[in-house]
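Colleague: Sequence:
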Amino acid sequence: MLSRTAADLYWMSRYLERAENLARMLEVSYSLSLMPQAGRSDGHAELAMSLLAAGTLEDYKARHGALDTEHMLHFFALDEANPGSIYCCLRAARSNAHAVRGRITADMWENINATWLEMRAIAGNGLGRYGISQFCEWVRERSHLFRGATSGTIMRNEAYGFIRLGTFIERADNTLRLLDARYEMFGEESEEVSDKSARGYYQWSALLRALSSFEAFNEIYRNAPNAEQVSEMLLLRAEVPRSLHACIQELDLELSNLPGINGRPAQRLAAGLNARLRYTGIDEILDAGLHAWLIEFIDQVRDLGQAIHDAYLEVV
1157 MLSRTAADLY WMSRYLERAE NLARMLEVSY SLSLMPQAGR SDGHAELAMS
1207 LLAAGTLEDY KARHGALDTE HMLHFFALDE ANPGSIYCCL RAARSNAHAV
1257 RGRITADMWE NINATWLEMR AIAGNGLGRY GISQFCEWVR ERSHLFRGAT
1307 SGTIMRNEAY GFIRLGTFIE RADNTLRLLD ARYEMFGEES EEVSDKSARG
1357 YYQWSALLRA LSSFEAFNEI YRNAPNAEQV SEMLLLRAEV PRSLHACIQE
1407 LDLELSNLPG INGRPAQRLA AGLNARLRYT GIDEILDAGL HAWLIEFIDQ
1457 VRDLGQAIHD AYLEVV
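Residue numbers (the numbering used here): 1157 to 1472.
Calculated directly from the structure, the hints in this document are not laboratory data. Built from N, CA and C at the ideal position, the CB exists for glycine as well. Certain hints may be false.
[Unchecked claim] If you anchor each label on the Cβ, the simulated ranges turn out as follows: (1) Arg1424 x Glu1470: 14 to 20 Å; (2) Asn1269 x Gly1416: 29 to 35 Å; (3) Ile1454 x Pro1397: 17 to 23 Å; (4) Gly1304 x Ala1222: 38 to 44 Å; (5) Glu1470 x Leu1301: 28 to 34 Å; (6) Glu1375 x Pro1421: 33 to 39 Å; (7) Asp1263 x Leu1442: 42 to 48 Å.
Kindly generate the complete structure, drawing on both the sequences and the hints.
Modeller: Have a look at this one:
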């Protein structure tokens, strides 16, 4: 497969996954900002946490200055000048899909093209008319439909492998950044909030809901969320689909299935990360410091993404 084709498939799925992750994060942060348990009546801190997780807080401040709910929602969702907005992610995903129409199925193309056309209509009408919760639900639904079309119609070949790589490298990065943003927003308090605290309960529950893991947490632990158990589940439990370990495990599998020797550095790195997560306990992570561990692993996921790029996606 040509590197350019592989790159388009990889980034198509990364941008779609990124749009879904942003919608999940935005919906939960916005809902939490409206609740008195958030601890701040204006709710700006909860939305700022989303900007922090997405790495766009400084860009927002440079353009808008003070935190403002309406400006933050538009910046996150529909801002054409913000490369990290949901609007721009879906536009980029559609552009990549258009470039590889011959390598994806008709169902996949029709889904992503229809998503972009609907996105343009929503942007024209504005969030005020659509509603932030309904908009975020729509983004998640369109992402699910594309993933279903992909799973149900495309051959299990190299194209499928690069689509999967893009999905899981983005998902792993998102899980790590959400946890780290929470640490930065609340500092040491995030590790010390009692599981009996209403504020702590809603904070941890919001994080779990953003990663579609609230039901899984209740099934596994059967008590109110707390720092240790939430961190363990989102980092180390491979049976939880959006956990870090689940993502790295999938990356390891997909990389091992790609032919050729160019990918060996990426394959070794993925296998090493998978083994590290398999044999690491949450006590070791907390003893080392959750924030420091997350920062280190964010760098390693970035290194893995760069190794994938160097091996398969770089156009010579």
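Colleague: Now tell me if each hint is right for this structure.
Modeller: Structure-based check of all given hints:
1. Arg1424 x Glu1470: 14 to 20 Å: holds (18 Å)
2. Asn1269 x Gly1416: 29 to 35 Å: Check passed, 32 Å falls within 29 to 35 Å.
3. Ile1454 x Pro1397: 17 to 23 Å: Holds, since Ile1454 and Pro1397 (Cβ atoms, about 20 Å apart) stay within the stated range.
4. Gly1304 x Ala1222: 38 to 44 Å: holds (42 Å)
5. Glu1470 x Leu1301: 28 to 34 Å: With a Cβ separation near 31 Å, Glu1470 and Leu1301 satisfy 28 to 34 Å, so the hint holds.
6. Glu1375 x Pro1421: 33 to 39 Å: With a Cβ separation near 38 Å, Glu1375 and Pro1421 satisfy 33 to 39 Å, so the hint holds.
7. Asp1263 x Leu1442: 42 to 48 Å: holds (45 Å)
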